[in-house]
Every structure is written in C-alpha cells, then in structure tokens.
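Colleague: Here are the chains, one letter per residue:
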Amino acid sequence: MTAEATTEAPREPEQKPAERETLLTAFQRNLWASNGVTVTTLSIFLAVVIGAVLIVLSDSAVLAKFAYFTARPGDALGSSWDLISAAYSDLLKGAFGDPEAISAWFSGTGSWQDALGPISETLTYAAPLVFTGLSVALAFRGGLFNIGAQGQAVLGAVTAGVAGFSFGLPIGLNLVIALIVGALGGALWGFLPGLLKARTGAHEVITTIMLNYTAALFLSWLVIQQGIQQPGRSDAISKAVDSSAQLPSFGGALRVHLGIVIAVLVTAGVAWLLNRSAFGFELRAVGANPHAARTAGISVAKTYALLMAVAGGLAGLGGATQVLGTAHALTPAVAGNIGFDGLLVALLGRNRPWGTLFAALLFGALRAGGNRMQSYSGISLELVTVLQALIVIFIAAPALVKAIFRLRTARAAGQSASPAKG
Amino acid sequence: MAERRLALDPLHQVQHRSREIPLKLELRGITKRFGDLVANDHIDITVEPGEVHALLGENGAGKSTLMNQLYGLLQPDEGQIVVNDEPKVFRSPRDAIASGIGMVHQHFMLVPVFTVAENIALGAENVRGGPLGWLDRRRARREVIETSKRFGLPVDPDALIEDLPVGAQQRVEIVKALTRDVDLLILDEPTAVLTPQETDELLAVMRSLTEMGKSIVFITHKLKEVKKIADRITVIRRGQVVGTASPDTSEDELAALMVGRAVSLEVDKTPAEPGRAVLQVKGLIVDDDRGIRAVDGVDLEVRAGEVLGIAGVQGNGQTELVEAVMGLREVRAGTVELDSENLAGLSTKRILRSGVGYVPEDRSHDGVVKEFSVAENLILDMYDSTPFGNAIRLDTSRIASNAKERVAQFDIRCQSADTAVGTLSGGNQQKVVIAREMSRPLKLFIASQPTRGVDVGSIEFIHGQIVHERDQGTAVLVVSSELDEVVNLADRIAVMYRGRILAIVSPDTPREAIGLLMAGVTSEPAAVAPVEEDAPVEEAAAEEEAGGAGEEGTK
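Chains A and B, in that order, are what the protein sequence lines are. Residues 1 to 422 (the working numbering) make up the first sequence, in order. Residues 423 to 977 (the working numbering) make up the second sequence, in order.
No lab work stands behind these hints: they were computed from the structure. Just so you know, not all the hints are guaranteed correct.
Beta-carbon label-pair distances, calculated as ranges [stated by the list, open to error]:
| id | chain 1 | residue 1 | chain 2 | residue 2 | range |
| --- | --- | --- | --- | --- | --- |
| 1 | B | Arg-862 | A | Phe-145 | 52 to 58 Å |
| 2 | A | Arg-72 | B | Asp-458 | 54 to 60 Å |
| 3 | B | Val-533 | A | Trp-354 | 39 to 45 Å |
List of simulated lysine to any residue pairs, SDA-like, C-alpha gap at most 25 Å [said to hold, decoys possible]:
| id | chain 1 | residue 1 | chain 2 | residue 2 |
| --- | --- | --- | --- | --- |
| 4 | B | Lys-792 | A | Ala-278 |
| 5 | B | Lys-771 | A | Val-300 |
| 6 | B | Lys-826 | A | Ala-288 |
| 7 | B | Lys-691 | B | Gln-887 |
| 8 | B | Lys-792 | A | Ala-301 |
| 9 | A | Lys-402 | B | Arg-513 |
| 10 | B | Lys-644 | B | Glu-470 |
| 11 | B | Lys-771 | A | His-291 |
| 12 | B | Lys-649 | B | Pro-696 |
| 13 | B | Lys-771 | A | Ile-206 |
| 14 | B | Lys-792 | A | Arg-352 |
| 15 | A | Lys-239 | A | Ser-166 |
| 16 | B | Lys-771 | A | Ala-278 |
| 17 | B | Lys-644 | B | Ala-667 |
| 18 | B | Lys-510 | B | Lys-571 |
| 19 | B | Lys-771 | A | Ser-166 |
| 20 | B | Lys-826 | A | Arg-276 |
| 21 | B | Lys-792 | A | Phe-140 |
| 22 | B | Lys-792 | A | Pro-290 |
| 23 | B | Lys-704 | B | Ala-614 |
A few chain B residues that face chain A, going by a derived Cβ cut-off under 7 Å, partial list only [said to hold, decoys possible]:
| id | residue |
| --- | --- |
| 24 | Leu-774 |
| 25 | Glu-783 |
| 26 | Pro-809 |
| 27 | Phe-810 |
| 28 | Ala-813 |
All values reported here derive from a predicted model rather than from experimental measurement. Just so it is clear, CB atoms sit at the ideal spot from N, CA and C, and this is done for glycine as well.
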C-alpha cells in the first residue's frame, strides 16, 4: 500500500533502533545525528569554549601578551592555556573533588570532609534546583509556562520556615510537617494562576510573574514582623528553624543534607506521575493538543488548575529544602534565584524528570566549582552564570549547534522538514 | 525579477501578450529519495500545451513531492525537467516562475490580514525609489483587475483575504500565479477545500484557461473530477507511474490503478432495520464561536440500526450541531436526548461514557494527539476507566495489548503501536480514531467527515466499519460535505442549510434534488437561489421532491 510507504519512512531511529540493528551501529549512526543528547553535550562543549575566550579576555596580563602575538605567539598562547586550564580545573575540583585531597584521604593524611566537600557543595546547590526544575518541566509538559516557580518557592520557604519554628513537634514529625506545609504553600501559589487560567483564561505567564513579586515582597515584610523576626535582631531575619525540623545533614562538617535524597525520590515520583498515572496522561494530552483532549472528554480547565497546584507544590518543596536544609532561617533572599534557575534547569533537562535531575546536578556543579574558581583562579563567579546562560542559549537554538557541527539531520526530522506531502 | 516586472509594464504589455508560446513540459526520469524512502522513482511525464493533465494518486503516493520539484521547492536527485525542449534546473520557485510554471498550493500561501491586491503583489512588489522606496499599490491594484478580467476570474482587489470564502481565496491564488505570467499552472488538490458549487466553478475556470493556451497539472485523488476535466491522466502509486489513462476509463478502473487492487466504491449494505429512537434532538439552538446562531431549531431522530446522514455545504451548522450533542458546545435551547436521558449540560466525558462514539471532523485538531503513540491515542478517552486504568494509574500492559488488537483489527499501518500518530498517513490516523471510538459498546456513533483526507483504500474500509456498527444495532449519525459519501452510507438523509434541517429524504432521491436542497432551494419560489440555466425540468422536480420531503422533515 502507498500508505505503508509513507508511514515507514519517518521513524525515530534515535529512540527505537530496529531490532536487527546492533546496539553499536545504532550508536554510531546516532552519534552525529541531531538528537537531544548530542545537542546537549555539544551545547555544553560550545559554552565551555566561549567561556575560555571570556576568561582570556578578562585577564589583562594575558591580553598584554597578545599585543606582541606576531613576534612571540607562544607566549600569548601558552599563558592563555595556563589560565584556562587552571580555571577549568579549579571548576572541576570545586565541583567533584580535588584528586589530591581524595588521595590524601585514602592515604590517611587528609580528612574525608576535605575530599567529599566539593561533592557535598554540588549536591547542596543542586537539591532545590531539582524541585523548581521539576515544577517548570511538569507544567511545561501540560502546556503551561510556569514562570512562577520563584514565587512558589518563596512561599514554600515561608510556610515551611514558619512551620519549622512554630509548632515544636517531636523530631521527625516536625520535619515532615514542615515539608508538607512548604509544599502546600507553593501549591497554593501555583493553584491561584492555574485557577485564573482555567476560569478566565488569564495567561499564566503574566499572573505568575505578578505573584513572584507578591511573594518576594510578602517575605520581606514578614521577616521583620514581631513573632517572626529573630528576637534581639534588627536586621531582616526570622527565628531559626527548630533543629527537629531541619533536614539532617550527613556528618556534621558537610553541608549536604537529606534534601538531595528527597529530590531523587520526588524525581522518580514525577516520572511515574507523568508516564504512568491517569493525571499524567491528562496533562500530557492537554499539553500536546488541548482540543483533542477536550474532545476526548478531558477537562482542560481542571487539568490546568490541578497541574499548576502540583507544579507549585514542587517549587514550594524547593523553597522548603532551602530554608530547612541550608539557610535554617528566613531572610528576604532565602530562596535566592532557585525559581528562575529552575526554568533553565527544566529547559536543559528537556522537560523530562530525570533529565531535569541531571541538569540540576550540572548547575549545582557549576555553582560549587565556580566558588572555587573564584577564590583560587580569581575568575569572577559571574563567569559561571555566563556559562549557564550559554549552555541554555545553545540548547534553545539547536539549529545553531547543528550548523556549527554539521550534524546529520535525524531522519524523522528530515521527513517533516521537507515540504513534501505525498 | 527585473525582467518580469518589466514584462508587466503597460508599455511591454503588447509584447508580452503576443508571447503566447505554448509551454511543453517534460519530466524525464525524476527520482527523489528521503533517506530510504524513494518518494519518486524515475517518473516520466509529458504535459502538452493546453491540456489538463491529471496526476492521480493516493495520499502519500508522491504527487506533491514531484510537483514540489517541478516548482523548485525540492531538487530531484536524478532526472531532468525539460521546458520547451530545454533542460532546466529550478533552485527555487523563482526559477520555476521565470520559466513559466506557477503553482497553487493545497494550503493557501496568503496573508489573511492583507488585501487581495497586497497578497498578489507580495513577493513581486512594485517599488518606487529604490529598495527602500514605497510600494506602488495603485499599479498592483490595476494589475490585479487586469489579470482577473483577462482570465475571467472575478476578484475584489480591496477585500481582505480573511473575509473571503475559501473558493474566492483560491481564485486569488490562481490570479496571483497568472500575474506572474505563467503558462503552466500546478493545482495541488485544489478541490479538497471546496464546496460542490465552488468545485464546478473551478473546473470551468480550468477549462477556460486551457482554451487560452495555458496547461494545467491537476493533482487530486478524486476520481469524478478527474473524469470531468482531465485530458490525460497519469496514475502514480508508491512513487512510480503505474499507468496513464484517458478520461473515459471507468472510476473503478482508475481506483484499482491508484490502489493497486480492485476496490469497491459503492458501500455494500443491506437495508436498514431501524429500531427504537436512540438520539432525539428537539428544537436545538446553538451559537457558533462568534455568538452567531449556527443551529436554529433542529429536530432530529436517529434510530438504532440506521445511518442518518446529514448532507450540506460546510458551514451550515453541522459542526455546531454535532458539538452540541457531544457537550463540546453550549446548548442555547432545546433538548438532546440519548435513550430519553437529557444530554444537554452534561460533560463530554459523561456523554462519551454513556455509550456515544465520536469521530470529530478535524482529525489533526480534535481527533488525535500527534505526539502521542498509537497506543495512547487508542485510549485517549478511556484512559481512566477499566480495563485501561483507574482514576489514579494507567495499566500500561493492558494499553499495549489493546493497541496490538486494534492495530490488527482495524488494519492500522504503523511500524509499531509506540509510533507517534503524527507520522502516520491521514487514512491511518483516521483509522486510529475510528478504532478508538468503536472499541466499546455503543448506542450512538457520530462521525463527522469520516473520510476527509483519507485515501481510497482506507475509505472503503472505514465505510465498511460504519455499516458494520450499524448492523450491530447502533444508531449512526454521519455528517459529510461529500454528497457521495452521504448517499452511499445513509439510510435517511437530512439536508442542512443555514442551521435548519430543510428536508429529510431517502438516499434514492436524485442527486440534483439533494444538491438543490443543499443550496437552500425549497418549494418556495422566493427562496430560489440562482441555479444553472440548463435545468428547468430538474428544478421543478426538485421542488416537488423537496416540498414533500420538507413536510416530512418538519412534522
């Protein structure tokens, strides 16, 4: 049949290699095809290359050597290379551990805290990003652009923090309650724009941005109120969270806490929700084609409202992790930038739960490594932000990456890109 | 571009009119591959000057790929395009137009918020005062009027495209091609979006263009039109020319050539045995998206074991009627009862679960989620009920085994049930929708445009399934703007016009009579719309028929 001829051509070879194909040939064929993994890897690579250029440009001593580049190119290139390699090796050491410290730990001359410190930092930075990233990714799968993860995280931090120092429940229970209350706070902040969208069609981007401001200003106001503010302090800081409500850390000296474990569990939960649950089916259907979903009897409005509440709850957990795990008290900046970083993390993770987890780990690693790079190589922490931004830009513009590396267009994409119809 | 603009200059007009060199086109051994798929396999076609050359083939046979190469949108891997014995290479549509080849796409390439004249000028704008100068709108207008007069294609140069009906938009596309001074016009599935009347008008236009020495390549899969208009027919199947035919070839033979096996164009069915009234619609009033009354007091009854067909030109309220029954559109007044249970106000989910199957008219918009797999689409409206899952979780193994069953039972051609539906051909996508809606016990089955954009082979199958459903005692409501389909499938035909059921007639009613009803012509002479001048007798007969039937419809 003719129909057969057309249906056989556009396949997704990168995902489902035909059975007769060996794993190896499939791997080779897809290595330079423009699939998600290749593009992501190359995006990171490109960002690192451009980052290297920026490192050189920002160092006046090295730049001076370029002035006599034609006379002695070795000088300029050599010192550039030294600078770049020092910077990036500090980045890696700060993110994953210094080989010297690790071997010192094995030989008994160094402490395990020094060896594992970098990993601990990476995981500490990554944990809240996992939650906010999942929040954005999940909403996106349902066709909603949750710019409001920041505000939801702030509200999650507020409710979790207040619960953390108010209830005084026994150990264990206090933490669980604080986490739940944090998630509920975020869920409320997500449900509002979801409801507005469902009922009135108000665009979630606008409403969530406004709620971000509201949440941030509410937090600034709240922390200086009596009963919330730390007694005896005049600056904007709340009472400390009871130790029974803090996320326990592994071994006193390291900052890493239970949050990262919860993050992995929640990632698994979101993956299940998305792919195996009835609600996940609804939200994916609504996200991909709301008209068909409605025609099939799925209530689009209900899905939007519920989805935003769940997404808000995830972001709220992110804020809760921040206050219960790292900060231990509310300050106006307690949630930092985790909500907005969550947008980037979700984009980098291609809105897939496990992808988001890895993206959050990468961002955490960059942040932790950036700290070391700043103090050892004297390279501004902002470079890390630039790297993060570059990675995301390249991922957002896959055509650019494909053009630079001349990737073969995947067969499925090639078919749909051609104007041929029949 | 410069010479072409010159050619349109009034000064050069005389010269350009005398340039009536008829264009002879030859395609020699054209081959185009997409990966492993050979879309065109050594295709040879010759288009003589002044002929309508029909290119007949199913969806996905490679017709459009071939034409896109001819129009410079794609480059052939092998083979030659020869215009007037001169081999040509077309790198872009510009090259093709310069050689006198124009194309009207199936999906119009018009800017909705621009006027007709602006759209026609677009891409070949007359600019005064250099590249950053101003547009010469007056000249653009003049050219449009001139071309439309010369070829007898009335278009209003100042109308906005978005205000024009589809038929008029298509005329704009044709005028646009003709102002580019082309001698060969490719029409890609031009009738797919047209009403029967508009189709007739288009065929007349095509005839008059060929009389003026233009040649036309007419891409279609509709056999009736091919027989009516074509001088020569080339049939393409799976990227190869499988035969040429003359217009005298019978429809059955043409269909067999197209599909590669004998197909029956008639629907095999026994007389209906109507039972109880399953769906009862009384005094239904529904508004469309703009708040304008679309369904204006419709009374209908669909009985168990019969097919009620709703015939009518698209846009006469059929869509809104069906959506109101399905709970997708608010019922302003009136009742919709399924086995005496009022459906008005219930959610779509409740209506689907109470034993209604629904095939929406716009498959890719409302019928399938293209990103979803075949398996997921097969349970799109049953995902949270047994056996596929519950309110919490999905049963993936049941979903997979269901998919396997349905794919086999409904002959859905796909690599596997995990393939995204968007990669399937139109016919197979439609089979997915039909399989989904028929895979549970039904009281009522509603199919809107069940075979739109579906290839001949699948049409036969889908019609068979609908009749099968009827024979199991389901009440079936079929809405189609293709009169043939309604006549073939229905046991009773309701003709809808401007939101009302004008008449309910038997499928044996002469087609002309139904056609007149579709145009709103009933027994009242005042309401008679302009009809073809050659049919006074038929008109009288139709009036009689419609009058009698009209009574039946309103009682």
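Colleague: A separate judgement is required for each hint: does it hold in the structure or not?
Modeller: Cross-check of the supplied hints:
no., hint, verdict
1, B:Arg-862 with A:Phe-145: 52 to 58 Å, "36 Å, violated"
2, A:Arg-72 with B:Asp-458: 54 to 60 Å, "55 Å, holds"
3, B:Val-533 with A:Trp-354: 39 to 45 Å, "43 Å, holds"
4, B:Lys-792 with A:Ala-278, "19 Å, holds"
5, B:Lys-771 with A:Val-300, "12 Å, holds"
6, B:Lys-826 with A:Ala-288, "23 Å, holds"
7, B:Lys-691 with B:Gln-887, "11 Å, holds"
8, B:Lys-792 with A:Ala-301, "21 Å, holds"
9, A:Lys-402 with B:Arg-513, "23 Å, holds"
10, B:Lys-644 with B:Glu-470, "22 Å, holds"
11, B:Lys-771 with A:His-291, "14 Å, holds"
12, B:Lys-649 with B:Pro-696, "37 Å, violated"
13, B:Lys-771 with A:Ile-206, "31 Å, violated"
14, B:Lys-792 with A:Arg-352, "19 Å, holds"
15, A:Lys-239 with A:Ser-166, "9 Å, holds"
16, B:Lys-771 with A:Ala-278, "14 Å, holds"
17, B:Lys-644 with B:Ala-667, "15 Å, holds"
18, B:Lys-510 with B:Lys-571, "32 Å, violated"
19, B:Lys-771 with A:Ser-166, "45 Å, violated"
20, B:Lys-826 with A:Arg-276, "19 Å, holds"
21, B:Lys-792 with A:Phe-140, "17 Å, holds"
22, B:Lys-792 with A:Pro-290, "12 Å, holds"
23, B:Lys-704 with B:Ala-614, "33 Å, violated"
24, Leu-774, "5 Å, holds"
25, Glu-783, "10 Å, violated"
26, Pro-809, "13 Å, violated"
27, Phe-810, "9 Å, violated"
28, Ala-813, "6 Å, holds"
Of the hints listed earlier, those the structure fails to meet are numbers 1, 12, 13, 18, 19, 23, 25, 26, 27, in rising order.
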